[in-house]
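There are 2 protein chains.
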Amino acid sequence: MNKTTPSIIWDDFIPLTITVELLRQLRQAMRNTKYIAEPIQAYIVPSGDAHQSENLAPCDCRREFICGFNGSAGTAIVTEKHAAMWTDGRYFLQASQQMDNNWTLMKMGLKETLSQEDWLISVLPENSTVGVDPWIIAADQWKNMSKALAGAGHSLVAVQDNLIDAIWMDRPTRPSTQLLTLGLGFTGLTWQDKMTALRSKMAERKISWFVATALDEIAWLFNLRGSDIEYDPVFFAYAIVGMNTIRLFLDIKRLAVPTVREHLQLDTPSKAELSVQTAPYESVFTELQAVCASLGPKEKVWISDKASCALTQVIPKAHRTLIPYTPLCLAKAVKNATEIQGMKMAHIKDAVALCELFAWLEKEIPKGTVTEISAADKAEELRSQQKDFVGLSFPSISSVGPNGAIIHYKPLPETNRTLSLNEIYLLDSGAQYIDGTTDVTRTMHFGSPSAYEKETFTYVLKGHIAVSAAIFPNGTKGHLLDSFARQALWESGLDYLHGTGHGVGCFLNVHEGPCGISYKTFADEPLEAGMIVSDEPGYYEDGLFGIRIENVVLVVPAKPKYNYRNKGSLTFEPLTLVPIQAKMVNTDLLTQKERDWVNEYHRQCRETIGAELDRQGRKEALDWLIRETQPIA
Amino acid sequence: MNKTTPSIIWDDFIPLTITVELLRQLRQAMRNTKYIAEPIQAYIVPSGDAHQSENLAPCDCRREFICGFNGSAGTAIVTEKHAAMWTDGRYFLQASQQMDNNWTLMKMGLKETLSQEDWLISVLPENSTVGVDPWIIAADQWKNMSKALAGAGHSLVAVQDNLIDAIWMDRPTRPSTQLLTLGLGFTGLTWQDKMTALRSKMAERKISWFVATALDEIAWLFNLRGSDIEYDPVFFAYAIVGMNTIRLFLDIKRLAVPTVREHLQLDTPSKAELSVQTAPYESVFTELQAVCASLGPKEKVWISDKASCALTQVIPKAHRTLIPYTPLCLAKAVKNATEIQGMKMAHIKDAVALCELFAWLEKEIPKGTVTEISAADKAEELRSQQKDFVGLSFPSISSVGPNGAIIHYKPLPETNRTLSLNEIYLLDSGAQYIDGTTDVTRTMHFGSPSAYEKETFTYVLKGHIAVSAAIFPNGTKGHLLDSFARQALWESGLDYLHGTGHGVGCFLNVHEGPCGISYKTFADEPLEAGMIVSDEPGYYEDGLFGIRIENVVLVVPAKPKYNYRNKGSLTFEPLTLVPIQAKMVNTDLLTQKERDWVNEYHRQCRETIGAELDRQGRKEALDWLIRETQPIA
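First to last, the sequence lines map onto chains A and B. All letters in the first sequence, in the order written, are residues 1 to 633 by full-length UniProt numbering. All letters in the second sequence, in the order written, are residues 1 to 633 by full-length UniProt numbering.
Treat the hints as calculated values from the structure; they're not laboratory data. Honestly, I wouldn't trust all of these hints.
Derived DSSO-like pairs: lysine-lysine, alpha-carbon spacing no greater than 27 Å straight-line [said to hold, decoys possible]:
id, chain 1, residue 1, chain 2, residue 2
1, B, Lys-561, A, Lys-206
2, B, Lys-561, B, Lys-593
3, A, Lys-477, B, Lys-477
4, A, Lys-520, B, Lys-559
Between the sequences and the hints, there should be enough to build the whole structure, so can you do that?
Shown next as C-alpha cells:
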C-alpha cells in the first residue's frame, strides 16, 4: 500500500450535512465563558488526534464532523462570519462535493489561495483571539501560527475543552478495546528489556525523562496490542519513562484483565525501577506537570517534535529536548530475530491466501461474477482462514482497468467494476497477523495483455528488481535508492508520482517511520539490517490501467567482493513470496541478471509457499503456484 | 574539479606566525573606543568576504592573518584570555601545524568539541559583549549566534571597523583589476536584456528592488569580467536594481576606461530606466539605506539569504524578502545558445591542449623527467597557447600514485612525485577562456595497469556513463541522479566520499549554483535544458592511487519513446571531448550499451577534436587522438 500519494475516491459518499445549525452552535461555544475566559473570534479544527496518528478513531474525526469532508488531510477554520477548509489537490473534488455552501473550500497549492494565517489576518477584526485545541495541534504548527498572528496584532490561545466535542451530541466514545499481551515468542524482547534499552539510550544522551505519545511506539514498548483504531493494532495511551519510574496512562478499566495485569506485573513485586504505575489516560497532563516541577536544573526531557502542543509546552523550554525520531521509533524499526521470523511466517500465510485467491479468480472471472468488491472480500476471507489472523492492515485497493490508475482507489458500490479477461486487475492488500503485518500488490491479466501493457509492466518490474537487488553501503538513506526504481521507466519517458517504499511495522502500523524510499528527501534515517520496507514502483495510465508490483523486503547484510573502509554493505531480501505474473512480462526487455532474479524469486515462492500449501492441503492453489513459477527464458 | 570533498594538502607550508603580538594588538583594539563604544570581550573572525565568495582575495584572508591557518574553512574567536579556531576534519592536521600554541584548535564534528556558542558561553564573564564584522557574517549565522548568546545573558554586536584590518599593517589593498567587456558574441544577451528580464521577474513577484551581492552574478548581469580573485573572473562590486534605477557600486577608477564607459553607456544618453548610476564600492550601505527610507508600505526588497548581515539588516524586516537563489543565479545557470556555443569552443580548445599534453607525456615519462608540477605546468603552457586563454579555473590537481588518493591534492615541492610507467596519473584541471570555462579529469596509466586498477577504473567509468546517458523527467533535481554514478561501485562494495557534480559557469566561477549532483540533498534546483554541470565519479584507494573521470556535460532535451503527462525528458551531452584511456578499461565488465557509449564518445572526440588538431597542425597530438579513440570491442 502506497503512502505518499493522492486518492481521488473517498471512503463513503456521505450525504451533505446541513451545517447551518452546527456552525451556529460552534460560534455560540466560541463565546461561551464555560469554555473560554474571553470570546474567541476564530476556532481552528485540524485533522488528527493527540498521538500523531495517520488513521483516526471515529471520536477524533472532528474536522469531518464540522464540515462533512472526510478525506485524510484538511484543516477547518470557523470565524464569526466565515467557515473555510484547507485541503490539497487530491481532495479538491471530494471536498467540494462533501461540503455544503456554508463552507468555502481553500485549495492548497494554488497561487491564489491564501494560507490559513493570511486568510485569518484578512478576515479578522483587529486584536482578535484565535483558539485551537492544543492537544491536536503539533508544537511547531502552533509556533508558526502564533507568530504569524502576533505579527498582525492577533493572538493564538489554547482552548482546553474541545469546542467540537462540546457541540457533538452523539460523539462516539474513545474506544477502549481489549488488550492483547504478546509473549517473547512474538516480540523477542520483554518489555522490561525494551525499557532497559530505552534507559540506556537516555543515559547516553543525559536525558532524565522520556514522554511517549505515538500509539505504535507505546504498543511496541509494552508488548501490548489493541484495536482502538481500524487497521492499526494500537490502543490509546501515553507513557512517561524516567530512570526509575514507568508511568502508563490509559483507560484503567483495561487493566481489569488478569493476563494484562500479569504481563505488566502490576500485582507482583518487581524490581522497583521496573514497576509500572498506571494512571487514567487523561491524567498525563497533570502527571507530566508534576514530573517537570521536580526537575533538577540540568535535567532534560525527551519528546517527539511532532507531539501535541499541549504536552510539549508542559515541559519548560530549558528542560525540553525535541527529537525528530524517538529512540522507540528507531528501535522499533530494526526488527529482531523473533520479529523477523514472525514477519516471515505472516508473509507465508499471506502468500497462501493470495495463491488461493488468484487460482480462484482464474476459475471464476470467465463467469463474469467477480467484482472488485467481491474479490477483495474473497481475499479477506481466505486470509482470515490463516492462523493468528487479526484483520486487514489497510482497506484493500481492488481495482479493474481504469480504476487501477486511481492510486488510492477503494471499490464502492457506485464504482465497482467486474473483473474480466480484457482488463488489468490490481490488488494492493495486506493483513495483520499476531506474528506480523503484510502489504503486497500484484497486477494480473486474466486474458491477453496488450504489448503496451506488457512493456510498461516490464519497466515497473525492472524498477522493482533494481531496488530489491541493489547493494549499497551501510548508512545509506532510502531516498538514495528511489531513482533505481524509476530508471527503466525514465528511459522510456515514463514515471510514477508516488514514493517507492515505506517502513512496515511488525503486527503494528503498515506505515511506520523512520525509513522509506522516496524522491522526497524527508528526514529519513539510514537503512539498517533488520529494517523492513516496501518496494512498490508502479505505472498509471489515466483512464486505462494501473500497474504496481509491491513486495515487503527486509534489509540484510550483503557480501560483495570488496569492503570499502570496512563500512559493510546491505541489500534486500523479499519477505513477500507471491508469484509475479510472467504473462505480463516482455522478457526481451529484461537483462540476463533480471531474468535470473525473477527465476530465483519464483524458485523461493515455489519452495516456501509450495511447502505450506501442501501442508495445508490446498491443492488447487499449489497447482496454480507451480504453474506460475515456471522459469522464464 | 570536485567541490565537496576534503583536502589534506594545503597550499603552502607557511612558517608559524608567532601570534603573541598580533593577539595583543587585537585585544587592545577590542578595548579601543576608536572602534567600539564599549570594550568587547570576544571578537569573531569568520572566513569569507562580503560577497559569499568561495575563493578569497588576499586582503580578505583575515582569519589566516590572525591565526596562520590558511585552509578554506575556519572561524577564529579571540577573547581576553583565549584564542580558538574551529575547522572541520579535512583540516585538523594542517591547522595544527600552521597555528602556534597561542591558539586552540577546535575540531568540529568531534563529540567533545564545543560549538562556538557553547564555548563562548563557557569562557565569557557574565554580561559579555561579543563583536563581529557584520560584512563577513551571513544574516542567518548572525541570528543563530545572537540568539544563543542572548540566552546566556551576553550580546552580539556589529563592529563596523574590522579589527583585523585595524592591526594588519601590510594588508594588501582590495584588488581593482582592469575590467573586460563582453560583447553579444560571447554573452548572447546584452546587459540591458538581462536587466529587463530581471525586472520582469521582480514584477512577477511584486518586488521593487533587488540587491546583488554575489560577484559572479554581478559580472554576469553587466557582461563584465575582472580578475580580482585568482581563478574567478570577477570584480568587487554590488548592484541595486529598481524598476527604473540601476546602481552599480565599484572602485570608480575602473570606469576611466573608455570601453567600459561605452559598454555601460555611462556617457551616452540612454533610456532613463537603463541608465547606470555608478558609485564607490563602499557607498552601497548608505545608498541602500536611502533606497529603504523611500520605500512605500507594501514595497519589497529581494536579497540572497546568504548575503552579509550588514546589508541584509539595512532592509527593514517588513520589506525584506530573503531568497535561497536569486533570479540572477537561476538565469545565469541556464546557458543561452551563444554561451553554449562558447562553452563548446572552449572545450574543444581545452581538449586540443590535453591531447597534446598526453601525447607529450607518453614520450617524456619514460625518461623519468616529468613530475606532478612539471606536468601541470606543461598543461598550463599548452592551454595558454589556445585562443582567448585567460588563466586556470582552479589549481591543477596533478597527482601520481598515492597522491591521487588525496582528493584535493596540489603538488608542492615537498610532495612532488615523478610520473612513471608504474603508477596511475590523475590530472584534474581546467581553464578560463573568454568564451567559456573548463574542468576535466582524466586518469591514465602509461605502463601496464593492474587488474584491480582496471576493475575499479571500469566501475567508475560505468558510473560516469550511467549519469551521462541517464534520461530523466523535466523537473528532476540533480541529487536524484547521484546514485546512478555509484551503482557499479556499490555492487562491488566500493564507494567514493564526494558528490558527483557541480554547476559550471560560462567564463565565470568553475563552481556555481543552484544545480549539482550529490548525495547531499542541499536545496538544489531542478535540472533544466541549458544548465551545465560536471559528471565526476571516482574511486580512491588510500596510499595507492586515485581514479576520477570527469566531463563537463550540458543538460539537453531527450526524446524517449513516450512522454508521460507531457512533462518532457532530459539527458546530458558531454562538452568535454578528451579520450578516456581504453587501456584502463576491463571491457568484460561493460554492457553492450556501455561499450556503444564509449565508442560513440570517442567517435565524437576524434571527429571534433581531430578536426581542430588538424587545423592547428598539431600532428603528434592528432596521431595520439586517433590511436586513443579506436573502438573497443
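Here is what the structure says about each hint:
no. : hint                  : result
1   : Lys-561/B / Lys-206/A : 58 Å, violated
2   : Lys-561/B / Lys-593/B : 17 Å, holds
3   : Lys-477/A / Lys-477/B : 17 Å, holds
4   : Lys-520/A / Lys-559/B : 26 Å, holds
When held up to the earlier numbered hints, the structure conflicts with hint 1 and nothing else.
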